[in-house]
Every structure is written in C-alpha cells, then in structure tokens.
Amino acid sequence: MSWSRPVPDYSSDIRLGIVMYGGVSLAVYINGVAGELFNLTCSTPAESVQLETDSEPQTRPIYRILDSQTQKLLSSRPPVRFVVDVISGTSAGGLNGLCLAKAIANGEDFGALSELWIKEADLSILLNDNKSFEGLRGQSRKGETPTSLLNSDRLYEKLFDVLKSMKKLDFVGGTDASISPLSDGVDLSVTTTDIEGVPVPLRLFDRVVNERRHRVRFRFRAMPGDSEQNNAFAAQNLPLMAFVGRSTSSFPVAFEPMRLDDLSRLENIPSESLKQWNAYFDSFPAKLVEDGEHIERSFGDGGYLDNKPFSYVVQALSEIETARAGRRQLIYIEPSPKQIDQKASDYERPDAIENSVAALLQIPRYETIREDLNTVIARNRMIERIEHLVRLGEGDIKRNPAAFDNIESPDGTIPNWNAIGLSQMIAYYGISFLPYRRLRVYAVTDELARRLGSALGLDVDSDHFQSIRAVVRAWRDRHYGEEVGDRPKTQNAFLGEFDIDYRYRRLGFLSRRVAELIPTGIELASVDELQKTLQILRIIYREMTRARRHLIQGSRQSVDLGDASASALRAEAKFLADYLLLGAIDPTKPSGSLGTMPERMAGPASRWIEQGEPGGCETLHGRLDSYLDSLRYRSLVSTEDRSLVFSLLGRPKLSRTVDADNKPVTFINVRDAELLNGEPHEAQQLNSAIGLKLRRFLSDYHVRFDSYDQMGFPLQHRTIAGDTAAVDLVRISPSDATALVNEAGKSASGKKLAGTALGNFGAFLDRRWRTNDLMWGRLDGAERLIHSTLSGDDASSQALRKILTSAAHEAILDESFGQDAIKDPLSALRSVLDELKINDDASRQRLTAVLSSFLSPSSLVDYLQHNYAKPQTPDRESTFSNLARGVSIFGRVLGGISERQEKRSGVASASAWIARLGLILQGFVAISLPGSLRQKWARSVFQSIYIIGGFVFLSALVLGKPDVVSVAITALILTGATQVITLLASDAMRDKLSLAKSTSLKVLVAILGGAILLALFTGVSAIIHDGVFGIFCDYITCEIS
1 MSWSRPVPDY SSDIRLGIVM YGGVSLAVYI NGVAGELFNL TCSTPAESVQ LETDSEPQTR
61 PIYRILDSQT QKLLSSRPPV RFVVDVISGT SAGGLNGLCL AKAIANGEDF GALSELWIKE
121 ADLSILLNDN KSFEGLRGQS RKGETPTSLL NSDRLYEKLF DVLKSMKKLD FVGGTDASIS
181 PLSDGVDLSV TTTDIEGVPV PLRLFDRVVN ERRHRVRFRF RAMPGDSEQN NAFAAQNLPL
241 MAFVGRSTSS FPVAFEPMRL DDLSRLENIP SESLKQWNAY FDSFPAKLVE DGEHIERSFG
301 DGGYLDNKPF SYVVQALSEI ETARAGRRQL IYIEPSPKQI DQKASDYERP DAIENSVAAL
361 LQIPRYETIR EDLNTVIARN RMIERIEHLV RLGEGDIKRN PAAFDNIESP DGTIPNWNAI
421 GLSQMIAYYG ISFLPYRRLR VYAVTDELAR RLGSALGLDV DSDHFQSIRA VVRAWRDRHY
481 GEEVGDRPKT QNAFLGEFDI DYRYRRLGFL SRRVAELIPT GIELASVDEL QKTLQILRII
541 YREMTRARRH LIQGSRQSVD LGDASASALR AEAKFLADYL LLGAIDPTKP SGSLGTMPER
601 MAGPASRWIE QGEPGGCETL HGRLDSYLDS LRYRSLVSTE DRSLVFSLLG RPKLSRTVDA
661 DNKPVTFINV RDAELLNGEP HEAQQLNSAI GLKLRRFLSD YHVRFDSYDQ MGFPLQHRTI
721 AGDTAAVDLV RISPSDATAL VNEAGKSASG KKLAGTALGN FGAFLDRRWR TNDLMWGRLD
781 GAERLIHSTL SGDDASSQAL RKILTSAAHE AILDESFGQD AIKDPLSALR SVLDELKIND
841 DASRQRLTAV LSSFLSPSSL VDYLQHNYAK PQTPDRESTF SNLARGVSIF GRVLGGISER
901 QEKRSGVASA SAWIARLGLI LQGFVAISLP GSLRQKWARS VFQSIYIIGG FVFLSALVLG
961 KPDVVSVAIT ALILTGATQV ITLLASDAMR DKLSLAKSTS LKVLVAILGG AILLALFTGV
1021 SAIIHDGVFG IFCDYITCEI S
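Numbering of the sequence shown is given in UniProt numbering, commencing with residue 1 and proceeding in unit increments.
Simulated from the structure, these hints should not be mistaken for lab results. Glycine included, each C-beta is placed from N, C-alpha and C at the ideal position. Careful: at least some of the hints might be erroneous.
Unchecked claim - Here are the computed lysine-lysine pairs in the DSSO-like style, where the Cα-Cα straight-line distance is at most 30 Å:
#1 Lys142 / Lys870
#2 Lys870 / Lys398
#3 Lys168 / Lys131
#4 Lys338 / Lys308
#5 Lys275 / Lys164
#6 Lys746 / Lys870
#7 Lys308 / Lys164
What the hints assert, rightly or not - FRET-style restraints, in silico, Cβ to Cβ:
#8 Gln684 / Glu815: 46 to 52 Å
#9 Gly138 / Glu902: 26 to 32 Å
#10 Ala378 / Glu120: 40 to 46 Å
#11 Arg219 / Lys287: 55 to 61 Å
#12 Lys338 / Lys287: 39 to 45 Å
#13 Gln557 / Pro350: 56 to 62 Å
#14 Asn867 / Glu902: 57 to 63 Å
#15 Leu715 / Gly135: 22 to 28 Å
#16 Lys287 / Gly138: 31 to 37 Å
Required output: the full structure, derived from the provided sequences and hints.
What follows is the structure, encoded as structure tokens:
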C-alpha cells in the first residue's frame, strides 16, 4: 500500500468558503466541481498525516505539486495547506454541500454522491408511480394517489443511503484523533423554507409587533475537540442530514415539502425521539421548538427566498478563527451564468402581458449577487485600511518605545495587573486608552450575554438579546468596578477572567510576526545562523498554532445548565426578557426622551440582580453566578493550554532594576523556555543564544500588546472585517474555464453542458448528459482551482499553471472515459454503438473516428479542444415514455387535489379529466415503442378491426342498414387515426420524423391528399349538376319570388 508524503508543518493556509446553489439538473455539474474541491482538500491533510494513494483520483498528486510549487514561486516556506472552513448551499447545491461537508468533517470518501447523480437522477426512475418504489425499503405509500411528480421518498432514501455508505479514508499518523485529517473544522449552512412561517417580535418606538419569517437555516458544525455526540455529521444525525438535504431540494411540483415527522414513517423513529434534534431548529423560537410544533411544519425548497446563499459565508468570513496565517478565497459555482448583452437596447415600453411575465416569472427568478460580493469587496478594502493604519501605529511604537516606568506600586514593585484601576491605566497609556478599554469591557459583556442567551434559548438576533445583555451588565457592575475599591474586583480583573478573544488576538498578532520572519530570519541573525533561526521560528509558530486551536475549542464550549430543567429555565429567561423589554417601552413619550434602550433596562435589571424582582425567575437568579463562572477563561481552557505560549516564550514579565546611574529601569525579564509539547532537542534550540534572542524579540510584542491592540481592535470590532485576511473571489463556471473550450460567442450546440436544456432539467433525461456534465464539472473545477492558486501574471506562474492544468485535464479524462476504453478502443466502440443505438452510417463513421483517437489522455484533450460536441438529443423512446408517465402522474396529482377540494367545498373539479388524458397519452406511447411487444399486439388489433369493420360495412351496405354503415365508417376512421398517430410517434422515436425518412408520414400525406382531391371532385360535380344556388338550398330555406 502506498501513502502520501507526510508534511511536518505547513507555513500557511489557503482557506476556502464555498457557495453552491440551485440549478436543478445542473447539480450534476456542481457535483463534479465539488469532487475536485474534495480532492484538493485531500491533497494536503493535517500535519504528519499520510493518506493511502493506491486508489486515489489522479488529480490529487497534481494538487500536491501545486501546494509545494506555489511556495517555491513565492518564498522558501514549507507547503501551504488547502482547508475548507465554511460551505453554504441551497436546493440541489445544498445537497452537494451537505455531502461534501460530511466527507471533509469526518475524513470520508465523497465518490458515492457522484454515483447517485449518475444512476438515480433519471426521470425514468424518479417518476412517482409504482415503478419508482422498486428497490426501496419503504413501501408504505406505494399505490397511493401521488402528491408530487417525482418520488419524494426515493430521494430521501437514496440520499440517506449515500450518507451512510461514505467510508472512512485510509490514513495514518496525526496527533489529534478528534480532528479530521482533512479539516480544522467545518461550518455548513443549508437553507430551506418554512411554508407557514413563524412570528418573530419587532420592536417599534411604542410597542412590539410580530412579522412572519419563512427563511430557515440549518447549521451543521464539526470542530476540533468535538466529541462524537457533538459532531453534527456523526452517525446519529444521518436521518436529520437526509431530511435537510431532501427538504432543501423540494423543487415545487417535482417533490413535495417534507416534515420532520415523516422520519417516523421512513425510519421508524418515535415522535418523541425526533426532539433529539431540537438544537438544529434554532431558526425558530425556543418555545415553539420545546412544544414540538416544528415537527409538523412543512419545509420547502431553499431557493424560494434565497437561491444564492452568500450571506452565511460572507458572515462566517469575519468570524472564522484560524490557527495559521494565509489567504482566503470565496468560491462560488455558477453552472449557467447569465450572458449579459452589452449592446444598447431599444428600450420599448413593455405591453401588459410582457410586464406581467417579467414581474411574475423572469425578474424574481434572476437573483443578483452583486450586493453579496460587494460586501466581500468592501471588507477587503476595510482590511487594507485597517492594516495600513495598524502598520503605521506599530512603526510609531517601535520608533518611540514607551517605558513602563509609570506602572509602579508605592513600594517600587510591579503591581498585579488585575488589581490596577482605570485611572492608573490612563496614567500609563494616556487618555486615548479610555475608549479602547471600555470597548473591550462592552465586547466581553456582549459575548457573555450572547452565549448565555443562546444556552437559555433566546434569539440573539431579536430584542431579547438586549434584555439578557442588561442582566449580564448589571451582574458585571455588581462584582467589578472601574477603580480599586469600587467593587470587590476591578474591571481589569473582569477582562483577565473572561476576555478569551483578547488572548486569541494576541496569539494571532504574534503568529503573524513569526510568519513574517520565517522567510528571512530575524534581522540580527548572521548568514550561518539563518537555518537555526528558521528551525526555531517554525517550532514557535507550530506551538502558537496549537495554542490558538485550543483557544478556539475553549471559546466554543457552551454553558452547562446543570441538572435544572432546560424548559423551565428557558421559560424563566423569556419571562425576564419580556419583562425588561416591555418595561423599557413607554408609549406616551418619544423614545429619544427616555434614553437608550440599555439605559432604560439598566435599573430593572439591577433590581433583579440585587433583589430578585420580579419574582418567577428564582432558579435562573440562583444559578446565574455559576453559569457565568463556567465562561471564565480558566474554566474554558486547561491550565496547561493557558500556559503553553507563556512558557514557550520564557514567562515574560515586567521587572525592576537600576541602571549605572542608580536610576530605576523597568524591563521585560525572560526565563528559560519550557516546551510542553515537543522533543527535548527543540527545547534546547529555544534556549540557545539565537532562541533567547528570538524569544526576547517576541516577548516585547507579547507584553506591549495593549499598545498595538488599541489601534486595531476598535477599527475591527463589530465590522465585516473580522480577522485581517482579505478574501479573493473565485467563480467556477463553464464560461470561466477556457483552456479546453471557450464558450464565448458559441451557440447553444457549442456549449459544454447538456443539462441546461429544458429549463435546466435536461440532465435528468439521459445518463449520457449527466456523465457529460459531471466530467465538465471536474475539468472546469480543476482548471479554476489551479488558476486561483497560481494567479500570478509572471512567466513562471503562467508556465506552471499551464503544465498543471493540462496534467489535471488529462488525468480527469483518463478516469472519465475509463482505462478499458483506451486500451481496447475497438471493443469499446462496439459496445458504445450498441448502447447508443446508432445505426446510420454517417454517425457511426464519425464516432468511430472519435473513439479511435482515444489512445492516450493527450489525444482526449486534443479532441475536446478541437472536435468536441456534447450529446444533442436524449434517447427518444425513454423520453416519450417518461412524458406519457409524467402526464399521467401529474393528472393523478391534480386529481387528488381536486378530490380533497371537492370534499371541502362540494364542487367537482376538472383535474380528473387531466389524469384520464395522461393515461390515454401513456397508452399511445406504450403501443408506439419501436419493436416492443405492445406495438406488435396493437398492429394485430388494428388489422382485426379493419377486417371486421370492412365486413360489417359491406354487409350493412348490401342489406341497406345506413345506421350500421355510419357506425362502421366511424370505427374505421378512428382506428385509422389512432394507427397513424402511433406510427408518427414511433417514427419520432426513431428520429425519422421527416417526409424523406418516414413511411407512415408519406402514407398520411397520401391519405390527406386523396381526401382533399375526393372532396374537390365531389364539390365540382355537385356544382355542375345543381348549381351553386341549388346546393345552398339544400341547407337553407329558399324563397323564390
């Protein structure tokens, strides 16, 4: 067994946020792109992890070359790592995103979903009649009146099977079993639509009103350190994941909306057990979820309201906490981008019908993403400004290093930092320090309120958050004061005990300083010391990365509510929040005259903290201290992890000494480094002369961090900037990947994708179309991923980009067409021709020439570049058959609706006749299928009717029975018309529906021509015999005067 090379450490990351949306059958193309994203992630697993490579896709080794060659072009650092942080999807894009996120989060194979799209995404399998229940575990609805065109239960069951069948990848190595070798944590958002909608409170100046919210977001997360129970992608959540994937794909008419209690029927899960997933329904009010109302709600397609869910990824970009520095990319997949005509229009005023069509159909379906992408662009610009200002400030500090002489106790020692009051801090830092200090206090208070409110089931996006924040603020003011002696502790102590974000920012700041030094070493190092310097810096960077990861884990721990009843606590929290919120509203006075909302809530919140008023919240009041105590830094992060970097640097602290003139001097004292996780020789390196120099250099930043933080933190707090890493926007679409086929200016027949036909339903009609689109998804995905990583315009980048792109294309085509087809083209040719039922010589010769060229991957690439043509028409027989089945099923759907409406209103509906029409059409198609037993049977029946009808006609004519003659003629005409229709349909299935090819069409033309000539002859004879006037007198009353 072969294994990938282990990477001891990465210098930086390229972190990816991915958006997938809609597209109906273009989901197959999206799946191809997702497959290459997965391969890219697999190419750079976690440090020291080796993946099995014997059966891996051929593009992974190419991406391994990409990560190392990228760094060779840019610097001498070790390789970069490709990491997917966040995925957002809706509709079929949400289904792809769900499986991709699970594969990355758990280190599993992604290929099963591709097989599902190819084998199962076919109308002949999905159409909702009894045939679609073949092979399903659940048969409870078989034979019932269908409620959707396609079998909704089949989609759920097959998706569940895919999720369950995803196998763990083979890998060895790694140091943390709780972390997937492919991930540092995955955050997935899938949108659906709550058909009914839920009321949410909205505060006006004088009252609280409600509005309905229909958009629902299901969030699945798997983070480092999560137990199996807390991993959202664990096996116990498979039914929920399949439910969400099925719900977001509930395209109107095609699939019915889904309810959570459908799992009771599909998976035999008791209704009470469905509440195990209540936490995932956080888009709903906590009381509604506790009462179980969400279980009976219907969830529709996620694209009803938000078909392009960028907002969740854009928001996450400012919230993601990473352990390493690096680049970030937002990748969105657009299978069928709109081609905007730049030419001037004539701007004619639309008529009433055109205006209605635009308002109801065209404009609502076109959802612009400009606003979402502009948010990312604005964030990048803000980061650039912040970085520029911070760099200027850092330069000022370096040029004018502030002494620590003002921080001094009366006895001449350095005081305990947590015991310093605000006035002493201002004396050292200056009055400009005051806004920064208070902002930190408010930010920590908000974070405590957010986490406590979430644990108590309050919607942190509603006004209830203001209420719980007022409570936390009152609790803080009771225990911590701005000055020494105001309260039992100072606000410095409050920050020291609770401000975990400050420590994270400081670690990030130090990590960036180390990352900047790695390419060249510290400025003071000589040439012969450079290698040792780089080794020490990488040790420090690795340990800081580990420390940041532990901080991230700690910051994500939830509040432990203890043994108290969660529902009772949440009821108390909502009662208190409503009390504070409504008490702060005085409808008799303008809101501005009463002060801000927090000011109006402060008094009642303080009374509740001090006296427990109002009553009814005794449990919450008695346990508030313990709940907030569980959010202290020492409670969230272990003692070892808290001291990891501090011990690494040598426990830097301010000390006091005297200089040569006997004047007191404050300096940063650094002891020997203690490496809590590492080899003994690494500790020796850290304590060498070079190591001490580096640690002193970084310790100065560590101790002085407040000076740096007060420049950057106020600019970044509560903005879209978040972490200081710009985001590159990357679109993957057929029109962006031009190395093989450039779609610009091509007609529809020259485009890559077949699934764009029939309103993007095309790929559901033919397996060849799905195979085509999956292949192009992989080809375009690989090309765009390589280009986005090697985006330079210099000659070296362009040359390497071309080489790697060509290699990736050859690898994908090699896999797509199969090794057997390349080794034995003649055998493959015969099987393909038989499968496609290609009988005409021209098509066979063309396909022979094409397949004969498939002797090497490079030949395949050459063919796509110069001769490629996508499959033009689906299989006609199956298409006609599916059409007939579809009409019949849709008629039965409408019939079921009409029956229910008739029971409600007592009025009959015409929908039943549509069902009958569908059955008739289905019968016509069944007896028209070329070569089928039913067609042969129908021909025999037609011949029998002709013989019997002819005999009856002649007999009645001889016996003088005009009524019988009429019946016989009518029967012969109807039989002839039926046979002509079936012959025409059969010719259409054979692609012979033209006058030159179709015998039945020639017969029909001859019959119609003969009938016309007979009618003309009869009319002319009548005119000659009776005259025009005589003819009309047979039909009207003539009066001759």
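Consistency of the hints with the structure:
no.: 1; hint: Lys142 / Lys870; verdict: violated (37 Å)
no.: 2; hint: Lys870 / Lys398; verdict: violated (63 Å)
no.: 3; hint: Lys168 / Lys131; verdict: violated (34 Å)
no.: 4; hint: Lys338 / Lys308; verdict: holds (14 Å)
no.: 5; hint: Lys275 / Lys164; verdict: holds (21 Å)
no.: 6; hint: Lys746 / Lys870; verdict: holds (13 Å)
no.: 7; hint: Lys308 / Lys164; verdict: holds (28 Å)
no.: 8; hint: Gln684 / Glu815: 46 to 52 Å; verdict: holds (49 Å)
no.: 9; hint: Gly138 / Glu902: 26 to 32 Å; verdict: holds (29 Å)
no.: 10; hint: Ala378 / Glu120: 40 to 46 Å; verdict: holds (42 Å)
no.: 11; hint: Arg219 / Lys287: 55 to 61 Å; verdict: violated (20 Å)
no.: 12; hint: Lys338 / Lys287: 39 to 45 Å; verdict: holds (43 Å)
no.: 13; hint: Gln557 / Pro350: 56 to 62 Å; verdict: holds (58 Å)
no.: 14; hint: Asn867 / Glu902: 57 to 63 Å; verdict: holds (58 Å)
no.: 15; hint: Leu715 / Gly135: 22 to 28 Å; verdict: violated (59 Å)
no.: 16; hint: Lys287 / Gly138: 31 to 37 Å; verdict: holds (33 Å)
Comparing the model with each numbered hint stated earlier shows that hints 1, 2, 3, 11 and 15 do not hold.
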